[in-house]
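Participant: With chain A fixed as given, assemble chain B onto it according to the hints.
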Amino acid sequence: DGGITQSPKYLFRKEGQNVTLSCEQNLNHDAMYWYRQDPGQGLRLIYYSQIVNDFQKGDIAEGYSVSREKKESFPLTVTSAQKNPTAFYLCASSPAWNTEAFFGQGTRLTVV
Amino acid sequence: AQSVTQLGSHVSVSEGALVLLRCNYSSSVPPYLFWYVQYPNQGLQLLLKYTTGATLVKGINGFEAEFKKSETSFHLTKPSAHMSDAAEYFCAVSESGGSNYKLTFGKGTLLTVNP
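Just so you know, the protein sequences line up as chains A and B, in that order. Just so you know, my numbering puts 1029 at position 103 of the first sequence, and the rest follows in order with no gaps. Just so you know, my numbering puts 49 at position 57 of the second sequence, and the rest follows in order with no gaps.
The following block holds chain A by itself, in its conformation from the complex:
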């Protein structure tokens, strides 16, 4: 089945450690996105990528980094510079600009 796979579903890390969240899609979509979700805050865009080897900062990119070496993959690294990393992270993809985004099941990151 085609879709977006995020792994792991739950992730625990100690404060000060970098952590990488995986996002893979087999929908052949060009565009991919990372959102952060906090209770009562909606979804906020971290990074997005229109094409392989290119990506742009979203609204809250500080403390995060991404790469887009393959069309199918868009991993997100939460660095120690992110002051409040505990959140629910959602990856999405879309076939072209201004079409609906398809979402993965999310990764809940808890930093202790």
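Note that these hints are calculated values from the structure, not bench results. Just to be clear, a hint being listed does not mean it is correct.
Stated by the list, open to error - Label pairs and their in silico Cβ distance ranges:
(1) B:L48 / A:E941: 47 to 57 angstroms
(2) A:V1038 / B:L48: 40 to 50 angstroms
(3) B:S76 / A:R970: 22 to 32 angstroms
(4) B:Q34 / A:S1006: 23 to 33 angstroms
(5) A:T946 / B:L102: 23 to 33 angstroms
(6) A:V978 / B:E7: 44 to 54 angstroms
Every residue, glycine too, gets a C-beta built ideally from N, C-alpha and C.
Facilitator: Coordinates of chain B only, in the frame set by chain A:
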């Protein structure tokens, strides 16, 4: 700049009652509008979308929304609520055209359905 305002962070209805979730947007260009649903600890699923054409849009699970340009609104409705409709609903907007894509979400409305 674009933005989305969802009126009411929590809406409670009885089973069988009308569901009305409100969404207002701002956009400097003609918008594309979306409603998504999210069940606990899951990703978002598209309910419906408006891009161009007919302003009354029908989606999955009996939901529909009407684009009203004069009111900058895109309210979501369902004639009769089911228990399975209990979830969080997000309205989103993107700007048609342009070279940079950005989908902006509202803060969400949690729908509770009472038996």
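Participant: Check the structure against each numbered hint from earlier and tell me which ones fail, lowest number first.
Facilitator: none
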